[in-house]
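There are 4 protein chains.
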Amino acid sequence: MIILMKKNASKEQIQSVVDVLGDHGLGANVSPGTEATVIGILGDKSKLGCIDLALMDGVDDCVPIMHSYKLASRDMCPQGRTVEIGGEVFGGEKLIVIGGPCAVENEESILQSAAGVKAAGATFLRGGAYKPRTSPYSFQGMEVEGLKLLRKAGDTYGLKVVSEIVAHEQLEDAAKYVDMIQIGARNMQNFQLLKEVGRSKIPVILKRGIANTIEEWLDAAEYILSEGNLNVVLCERGIRTFETATRNTLDVSAVPVVKERSCLPVIIDPSHAAGKMKYVKPLSLAGIAAGADGLIVEVHYNAKIAISDAAQQLSPQDFAELLAKVRELAPVVGRSL
Amino acid sequence: MIILMKKNASKEQIQSVVDVLGDHGLGANVSPGTEATVIGILGDKSKLGCIDLALMDGVDDCVPIMHSYKLASRDMCPQGRTVEIGGEVFGGEKLIVIGGPCAVENEESILQSAAGVKAAGATFLRGGAYKPRTSPYSFQGMEVEGLKLLRKAGDTYGLKVVSEIVAHEQLEDAAKYVDMIQIGARNMQNFQLLKEVGRSKIPVILKRGIANTIEEWLDAAEYILSEGNLNVVLCERGIRTFETATRNTLDVSAVPVVKERSCLPVIIDPSHAAGKMKYVKPLSLAGIAAGADGLIVEVHYNAKIAISDAAQQLSPQDFAELLAKVRELAPVVGRSL
Amino acid sequence: MIILMKKNASKEQIQSVVDVLGDHGLGANVSPGTEATVIGILGDKSKLGCIDLALMDGVDDCVPIMHSYKLASRDMCPQGRTVEIGGEVFGGEKLIVIGGPCAVENEESILQSAAGVKAAGATFLRGGAYKPRTSPYSFQGMEVEGLKLLRKAGDTYGLKVVSEIVAHEQLEDAAKYVDMIQIGARNMQNFQLLKEVGRSKIPVILKRGIANTIEEWLDAAEYILSEGNLNVVLCERGIRTFETATRNTLDVSAVPVVKERSCLPVIIDPSHAAGKMKYVKPLSLAGIAAGADGLIVEVHYNAKIAISDAAQQLSPQDFAELLAKVRELAPVVGRSL
Amino acid sequence: MIILMKKNASKEQIQSVVDVLGDHGLGANVSPGTEATVIGILGDKSKLGCIDLALMDGVDDCVPIMHSYKLASRDMCPQGRTVEIGGEVFGGEKLIVIGGPCAVENEESILQSAAGVKAAGATFLRGGAYKPRTSPYSFQGMEVEGLKLLRKAGDTYGLKVVSEIVAHEQLEDAAKYVDMIQIGARNMQNFQLLKEVGRSKIPVILKRGIANTIEEWLDAAEYILSEGNLNVVLCERGIRTFETATRNTLDVSAVPVVKERSCLPVIIDPSHAAGKMKYVKPLSLAGIAAGADGLIVEVHYNAKIAISDAAQQLSPQDFAELLAKVRELAPVVGRSL
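Residue numbers (this note's numbering), protein chains in the order written: chain C, 51 to 387; chain Y, 51 to 387; chain A, 51 to 387; chain R, 51 to 387.
Because the hints were derived from the structure by calculation, they are not lab data. Fair warning: this is a prediction, and the values are worked out from it, not measured in the lab.
Identical copies look the same in the list; a pair holds intra-copy or inter-copy alike.
Once the Cα atoms are required to be at most 30 Å apart in a straight line, the calculated DSSO-like pairs of lysine-lysine come out as: (1) Lys309 to Lys57; (2) Lys56 to Lys309; (3) Lys326 to Lys61; (4) Lys144 to Lys210; (5) Lys198 to Lys245; (6) Lys198 to Lys251.
Pulled out of the complex, with its shape left as it was, chain C reads as follows (with noise of 0.2 Å):
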């Protein structure tokens, strides 16, 4: 962090920061300028706590120059970290394609969506089990009879299994059940699932807050790193902003950005961020263009007719030529499906 002061600091307003910071076991570095002061502070900073600076007499502001996540940071492996889950790798070559419904609603339902999944060369099937709903007077989901249908429709097809939680009392089911589960965006600042789900070593796909920087989204990973899970796959899902013509607006820059400062694997959500089927294929190949490591998507074997779940997932043959089109995409970026 280094601090700027004022135009017209005074000395004992400078001496005053360089003080305070050597009460807190820490170092100045005071760079005289044309302009203004700036001080940059020398040794271990966590020491500060939630101080601020800037409410110092003199101070003008304070300006963060390193990242507070560590094992989260492109430093830590400049080579890349993947994810290994029975063989599927996250990060690597290949890309990883997830599809599946909104909600596992029944037996019948998620086995149909399995096998257009399957059949169309995806290689993990999704389902909600757990659902987050805005309003309580929503379906809530089928909870743990949900992950075991998931499971079944799973193992019926050959197809690894992921699927939301939204409280840590749901991990131990969830463990039991799928391969992987989701941090949905709603609780990528639930720091108290976050740990949790650290210490369970459980490969996680964390998304990204609809209002949360890329900064925030790595510390939010940092959480779950810190308690020695490794296994992290970043989820871009679309942010939060004045456009309403998407649900969200899927921020595709983010894939570029988290590749330069992290090393986890990111993958696109095409689903959530449209909110419309009708965009889901452009999204797709936009994401895998700019460098994803793979997609989430929506799919269910009846959307157009049953119309449960409906507007933004695609139909068993819409997924399936979106993949095919991927495949005819991924070489122009150095990878395959």
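Given chain C's structure and the hints, the job is docking chains Y, A and R onto it.
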């Protein structure tokens, strides 16, 4: 909800929508227009689950015309609702002011801050014991020991005490030591936590998430209310925008909007909105002038010298001056302090 | 501006930055730190043109540490600056209130609205003659005929008049008929218009763009000031955020921020911020409580019945009630009306 | 537009709305519903002017159900529309690439950059002559001399040339020297400029404003189209969000949304969106993968050494490598380069 059909939607497409509604036990009110056909949905829409009719052929858009919250709605309590804690009433004629440090640090510190809070004329003491921190390497709070010190400080000076919890496991301890809990912005959609707090009946301050709409905030309140806990006080604390001059942008308009749509008391947190001590006073006055029922302000007995938890914390003297101004302002909006 | 080098920047990379600065006639102040080397730039940075040093090898980031505006800066006028128009002073102890309809529609209408504005106690009349409209098919205003009617209404009731221009060609006509012009949010960065207005010396209200930072707003004011026109009054009218309950989000914090960074008077437009009549009163009071120098409010003599220009326009009676409240509030913040 | 009445609206209130519509020559289609009465408006709504019915007693909300643009709408040109300039076609099967420096600096520089742009395989040269600058103290461009140099460089290397204008006075000169003009993000709602450009028939690139919705962007295009100039190419260049890792957030979803709602060609500006050279390649590929008709990229022959106009400008070599990748990608989305 009403469904807008596309301008050129066919009769068959319109009929399909009507049929699908029928399949879900819902009626349809079809209004042909010069521009487009509009279909109103009749019946209990919760039957739709997470169905999105926008997917269907010929459908242009779906427009919700009712709030999903019920108990939080002004319709349910046209006279407004109050939350009383030991004689102190949120939502009444008297404004409620909560003051105290960002975090409980040690006994001396919380006692001295409490003395300043009391002297200024506030009736509630705040102090963080469980701190939600962006980085896992930051100070995470004194936990239950912090709650005990907070209780002691409150008892010593005759102040009610309020503290944040970030996981439902903390609820039992919190209920022992505090008069009111706080759910922070990051947990506004931690639905598991909301439900548990709903079952507990403990008075709660529910802060707005930095990227949540007012509708989502009221939906979150509904989670607590619908479990039987009617002691909910809302708190506006700034939303995330592109402006960086302040930490967040205080959405002062949220006060009259909440007052119109809901019957819940609403207070303002100028400290987290501004992120800088120097803006706390004008924002506090703005909030009260807009109709807020009270304030929650960060106050530290020794902010200037100790600089621990500094930038947004007022000194007891500044806090007393602020409350003097609030006292002057209150009658203008029909309130007292 | 200071340059933050990457943690592992080489000596050669640091020297390259110093050399490039030297090529542009600038000095460099190199501060090695434990985390990263910081380079301060010495000299007149305007020589850098649109150079961006962030491109150079080894550079992590560039941080501006000085405002680019000078005349708009508080440093240039620590006592504040006032704008006087025929005895009415923006930025003085007395609050200034401007009222009037969205658009000048016809003679009777503007005369009646003026009567209401005068009766309520305001001293300025507003009315749009050149309307910036999102769609080319919307009413574009009465143009110069509207200005004449506005002048007549102002003269009839002893009110100063203010109207928006959207192109510099309108400046000559405007200067003939109005006391003060307004540059709207959409034209805040119409630099050609800003310069022409700067050369004209006519008093001007410069509204903040809906997506512009306070720094960009002050830079826009600098365009006018630097051409010699010091009669600039800023106007906060809401920014674009994700919240849709109000048309825009009134950034009430902008008032104290502007007051701290700049010496220019700043007023509030609650009508455009809210977009709904019912929120105009609480937002007006919030703005004044936060320290604003005045208000510009949409008022129409017949809003309820005629509904022309309706949703955000107050009736004269509502406007009079609002001003009565403002008059009560003013002394609390050391002002009068 | 449809009007949603409040749940408890009285028959009189409903009738009042119907009467007001009648006064404006509009019909009303009243649909009583179980939740609320919905009133559809029949007839030419442009008669409503800036009337907002939301003000009337008993009205809950007004919902627009039709776009205000007509010529920009896909309905008017289901097959899409192309813009041809000397054999180069925007919106055809072949992708169009525009390259060149931020600003024309001098003859040697623009000639060398043009050579690099040509060698890489692009067909259009860009270069700024009139620069819209946030601060009045920044370099404002070479103006007409810059246009002449740009023309010379284009002629020398057989490239079409495009340059931004920021005021309609520049249109005459621009029409003499360039093949296509650009309206920048800051002028997207400079309606005077849009109209003049509409009357001129010169091909134009219309960039999206950083805080403008796609609907507002199409409305802005309508200003040009409705004056008779159909040669409009849209350009997505990033929107303003809370994320600061990139200068703006490229809204890649805007490509399929524009393609669905409008018939106008749309290209991507990855340079301004990213603000950093290193992200230009992934964003370019993402834009093309999402269906964009082309790219406009900042290229400078000597970006690394001269650093003038640096951070977001590619070197000719990097640009050539980018185009090689685009050439590989094009067939995947049914295009060529």
